[in-house]
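Enquirer: Build the complex from these two chains, which are given one at a time in their own frames, with help from the hints.
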Amino acid sequence: MANHPNVPLYRAYGTAFLILAVLFVLGLMAGSRWVSPSSLWAVLNGGGDILTKVSVMELRLPRNLLGILGGAALGMAGAVMQGVTRNPLASPGLTGVIASAALAVVSLRTLANPDAFWLPLMALAGGFLGGALTFVISGRRQLQPERVVLAGIAVTSLATAVTTGLLLVSGAEAAELYYWLAGSLMGRGWVQLELVLPWLVLPMAALLAMHRPFKLLQLDDDLALAMGLAVGRWRLIFLLLALLIAAALVAFTGPIVFIGLVAPHIAKRMIGSEIKHWLPLTALLGALLLLSADILARQLAFPQELPVGMLTALIGAPWLIYLLNTKTSVRSA
Amino acid sequence: MFDFRNLAIALLFALVVPAVWASDQSIELTDDRGATMRLSTAATQPAAISTFGADVSLALGVVPVAVTDYGLQGVPDYLSDQLKGVPTLGPRHQPNLEILSKLSPDLVIAIRRYTEKDGAHLESIAPLLALDLISLSDSLRAVELAGQALGAHEKAIKLNAHFLERIDELSALRKEKPATTIALLTSGSETPFIYYEHFLATALLGKLGFNSIGGALENPEEGIPLGYRVSLEALLELNPDIILMLPTSRQRAFTMNPVWPYLQAVQNDRVFEVPHYWKEGAGPIARERILDDIERLLLNNPENSPET
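Just so you know, the sequences run in chain order A and G.
For the first sequence, my numbering assigns the number 3 to the initial residue and increments by one for each residue that follows.
For the second sequence, my numbering assigns the number -2 to the initial residue and increments by one for each residue that follows.
Bound-form chain G, shown alone (with noise of 0.2 Å):
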C-alpha cells in the first residue's frame, strides 16, 4: 500500500534541506552606504574600484578580476607585483564599465565617495561593496565585511585581530615618553595638505603617541574632509617635531619656501617621506606596511622619538 505519510516526509525532506543548505550559503552584508546585500555564495572574481579592494582581495588570498589605477601613475606600487596580468579599469572615479561589464565579477569591492554617483550602473554589473576608507574604524569594519564577502570571514577576523595586538605592542614600546607632534602632509604646490587626526595613517600615529598637529574634524565621523591646507604661517606657529611627507610626482614647492628651513622638524633633520600606501591605507598589506614604517622610522630610531 502507498503510503502517503513517507512520501510527504520525503517530499518535505527534499524541499526543506535544500533550502537550508542554500540559506547556509547566502552571505547577506550590509556596506557603508546603508544597502543591503545578497550573496548567493561567496565571490571568487571581485573587481577592484579602490586600492583597498585590491589589497583586501590579495590578503584574503584572491586575486581579483580587475582594478582601478591613480592614472598616468598606474597601479599602486606595493601591489603591482601581486597584480601583474590583472586587468586595469582606469582611475577609480572614472572606471570603465565597460570593461568590467565584460570581465563579469561577482562583486565590487568600491571606495564610497568615489563610487555613489554610479551606484546604479555598478550595481547592475555585479553587487556592489561601497565602503568609507578614512578612519581606523572604517578599515576595520571594511576588512570584516570584505572578508564576509570573499568568503574568508575568519581569516579577516584574524587580520584585524592580529594588527590590533601590534598596535598595542608598538605603542607599549613609547610608554612613557612624552608625546610628541607630528605633521603628515602631502601636496606638490606652494602649499601643503596636512590631514586630520580621524585620517587612518594619522590615527595610527596618534595610538602610538604621535599627535598630530592637523587637529580634528568637527565631525569626525563624517569623515571628509580628510585635512586641510594649511599655510605655512600657521605650519610654522604649530612647529611640530617631526614631518611626513607623501610622495608626489614633482619637487613639493612649499619646502623651497624660505619657512621651511625655520621648522624645528626641518633643522633637527625630522622629515621623512612616506610611500604612497599611507593615503589609502585602509588594506590589511598597506596598514601592516604602515606600522612597519612607524616603527623603523620613530620607534627604533632613537633619534626620532624623542625623550626629553
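Pulled out of the complex, with its shape left as it was, chain A reads as follows (with noise of 0.2 Å):
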C-alpha cells in the first residue's frame, strides 16, 4: 500500500462526484427516446408532455437511483471483504456469497410462489450459508487469497449446480430465471427501490460510521488486538453486514458481479494509506460502474436490453486475471 494518496483526495472524490452527475443525467436523458436537455428540465419542473414524463419519472429515474445504491452497495461490499480479510481477491462474487443468494432466490422462485418481501430474507439465509462455507473451506484463520478464491469458485460451482438442477425442473419458468441469473437493472421501478432500500442504506451507513476498527482490521491481528479492538468480533459484524448488502441486492437485480472487486482496487489505487476515504471512494465508483454499465446496457442492443450484469462480468473478468497476474504487487500495495 502506498503511503501517500496516490491522486488528491479532493480531486478523487471532485472527479467521481462529477462524473457520476453527468451519468445521471445521461441516465435520465437515454432510453427508448432520447429526452433532449429543455425538455428533461420540463418534466423536473413538473411539465413536459406526459410520455416523457412518465419515462423519466418512473423508469429512469428510479433505476438510475437504484443503479447507484446497487452499485455503491457491491462496492463498499467487495472493499469491507477485503478489507477485513486482507485479501485483495475477496468480493461478493468471489466468496460464493452472490451464487448462493441466487441459488437461494431460484429455489423459492422455482418451489413457491412468493411474495416479494420473502426475497431479501431468502438470498440473505443463501448468501451467508455461500459466504460461511467459503470462509470455513479457506480456513478461519488464514484466510490466504488463492484459498479463498479456490474455496469461493467451489462453493459458486455446487451453487450454480444446485442452480442448473432446479433451471431443469421449473418448465416455463427456466426462460425467466435465465434471465434473472444474468443480472439486469430493466424494469426496476419505485417498488423494487422503496424494497431494497433499508437492506442497504442501513448496513451502509453502519459501515461508514465504523470507519476506526475497519481501519484497526487493517493491521495485523496481533497489533489491532493490543490496541484493543476484539478482531475476531468485528471482523464477524464487517462480514455480516457486506454480506447482507450484497445478499439483498441479488434478490431484486439477480447476480451482478464484479464491482465489489473492481471498485475497491481503483479506489484503494487513488487513496493509498487514506483508509478511512476507502469506504466512501469505493461506494462512489461503485455507483459509477453500475451506473454507467446500465447505461450501455439500454443503448448497446436497442431496442432490446443487455443483462447488466453480463457487460460488469465483461469488464470485471480481465481485471481479475491482471490481479492473478500481478498477485505479488498487489499484496504489497
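Be aware that one or more of the hints could be misleading.
Derived DEER-like restraints, expressed as beta-carbon distance ranges [as the list claims (entries may be wrong)]:
1. 117(A) x 38(G): 52 to 58 Å
2. 176(G) x 302(A): 27 to 33 Å
3. 266(G) x 214(A): 57 to 63 Å
4. 166(A) x 166(G): 43 to 49 Å
5. 204(A) x 85(G): 37 to 43 Å
6. 167(A) x 216(G): 30 to 36 Å
7. 266(G) x 159(A): 34 to 40 Å
8. 84(G) x 302(A): 43 to 49 Å
9. 31(G) x 170(A): 52 to 58 Å
Stretch by stretch, here's where chain G covers chain A in the computed footprint (C-beta under 8 Å, at least three residues) [as the list claims (entries may be wrong)]:
10. 54 to 64
11. 188 to 198
Negatives, chain A to chain G, calculated, CB over 12 Å [stated by the list, open to error]:
12. 39
13. 141
14. 170
15. 243
16. 255
If you're looking for bench data, these hints aren't it; they were derived computationally from the structure.
Using N, Cα and C, we set each Cβ at its ideal position, and we do this for glycine too.
Expert: In C-alpha cells:
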C-alpha cells in the first residue's frame, strides 16, 4: 500500500462526483427515446408531455437511483471483504455469496410463489450460508487469497450446479430465471427501490460510521488486539454487513458480479494509505461503474437491452486475470 | 414336361409383388433437420417430445405412448383429459431416455430446438421426426409430416385445409376495419417478453388484422429468437391497442410498475390473459383453440375491435 494518496483526495472525490452527476443526467435522457435537455428540465419542473414525464420520473429516475445505490453497495461489500480479510481477491462474487444468494432466490421462485418481501430474506440466508462455507473451507485463521478464491470457486460451482438442477425442473419459468440470473436493472422501479432501500442504506451507514475498527482491522491481528479491538467479533460484524448488502441486492437485481472486486481496487489505488476514505470512495466508484454499465446496457442492443450483469462481467473478468497475474504487487500494495 | 417359363414367371411374381406391396407401405419423410427417415409402416405408437407431438397424435386419432411435460407444471392443461394414464418423460429439453426406450415407441415426434443435441440417442430408440414449430408455415408442414408418419395423411391435409379456411372466414370479419396494434407478452418478472411477428400466435393475429408491435425478426426463416425482452419504456412508446398476456405461475411484476396504468390498452380495459397453448400452438387442436380465443376475445367483442 502506498503511504500517501496517489491522487489528491479532493480531486478523486470531485472527479467521481462530477462523472456520476453527468452519468445521472445522461441516464435520465437515454432510453427508447432520447429526451432533450430542455424537455428534461421541463419534466423535472413538473411539466413536459405525459409520455416523457412517465418515462423519466417512473422508469429512468428510480432505475438510476437503484443503479447508484446498488453499485455503491456492491463496491462497499467488496471493500469490506477485502479489508477485513486482508485479501485483495475477496468480493461477494468470488466468495460464493452472490451465487448462493441467487440459488436461494431461484429455489424460492421455482418451488413456491413468493411475495417479494421474502426474496431478500431468502437471498440473505443463501448468501450467508455460501459466504460462511467459503470462509470455513478456506480456513478461518489464514484466509489466504488463493485459498479463499479456490473455496469461493468451489462454493460457486456447487451453488451453480444446484441452480442448474432447479432450472431443469422449473419448466416454463426456466427462461425467466435464466434472464434473471444474468443480472439486470431493467424494469426495476420505485417498488424495488423502496423494498431494497432499508437492506442497503442501514448497513452502508453502519459501515461508514465504523471507520475506526475498519481501519484497525487492516493492521496485523496482534497489533489490532493490542490496540483494544476485539478482532474476531468486529471481523464477523463487518463480514455480516457486507454479506447482508450483497445478498439483499441479488434478490432484486439478480447476480451482478465484479463491481465488488473492481471498485475497491481502483479506490485503493487512488487513496493510498488513507483507509478512512476507502469505503466512501469505493461506494462512489461502484455507483459510477454500475450506472455506466446500465446506460450501456440500455443502448448497445437497442431496442432490446443487455443484462447489466453481463457487461460488468466483461469488465471484471479481465480485471481479475490482471490481479491474479500481479498478485505479488497487489499483496504488497 | 416341366415348364421353366411358367416357373420363372411364378418366381418373378413371388419376388416382385411383395416388394411392390412393401414399397407401397413404406413411408419416406424428411424432417426439419433435413434428415430423411423411412418407416416400413405407419407409426402406431408415437412418443411426443413436444406439446405438438401429443396434440397432433390425438388430433389424428392416435394416443401417444409417452409425452413430455412442463416440469412441475405437468402436461399441457388442454390435453390433460386425453392424456390420462399416458406416461410422462419429464421436460422436453431433458426427456428421460430410459423410460422412452422401455416404452418401445415406433416414432418420436419432437420439437427440433430442444432435441437436436440428443438426436442420435433418440434415433437409436425410434425414428425421430424433429420439427420446427414456430411459425404458421411450420405448423402446416409439421401437421402434414406427422399425418404421413401416422398413416393419416389425408386427415392431416383436411385439418390444414379447414384451419386455413377458418382463418379466411375470420379475416373476412375484420375487412375494412382499421388495423389494430397488439402485443403478445409473457413473463412474471419486471420485464415482459414480447413475441415477434413470425411466431405462430402473433402471425395468426396478423392475418386477422392485428399488427404485433413486437416487429419482425431480421431473418424470420431462422425462427429463433421468438421475441425479446421489451422495456416498459419501449412498450409505452409503442403503446399497443390490445395486450395479450400468457399465463405465469406468479403475479406479473411488470404490471405493478407505475408505468403500466399509462398504457392505453390498460386504460381502455383491453388486456386479456390467453391460455398457455398460445405459447406452443402448432398442433391442430391448439391452433384451432387459438382461433376460438381470438374470435371470442377480439372479433366478437365490438369493444375490443376498434372501429375508430
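Enquirer: For each hint, tell me whether it holds in the structure or not.
Expert: Hint check:
| no. | hint | in the structure |
| --- | --- | --- |
| 1 | 117(A) x 38(G): 52 to 58 Å | holds, 56 Å |
| 2 | 176(G) x 302(A): 27 to 33 Å | holds, 32 Å |
| 3 | 266(G) x 214(A): 57 to 63 Å | holds, 60 Å |
| 4 | 166(A) x 166(G): 43 to 49 Å | holds, 47 Å |
| 5 | 204(A) x 85(G): 37 to 43 Å | violated, 48 Å |
| 6 | 167(A) x 216(G): 30 to 36 Å | holds, 34 Å |
| 7 | 266(G) x 159(A): 34 to 40 Å | violated, 49 Å |
| 8 | 84(G) x 302(A): 43 to 49 Å | holds, 46 Å |
| 9 | 31(G) x 170(A): 52 to 58 Å | violated, 29 Å |
| 10 | 54 to 64 | holds (count 5) |
| 11 | 188 to 198 | holds (count 7) |
| 12 | 39 | holds, 18 Å |
| 13 | 141 | holds, 38 Å |
| 14 | 170 | violated, 6 Å |
| 15 | 243 | holds, 27 Å |
| 16 | 255 | violated, 10 Å |
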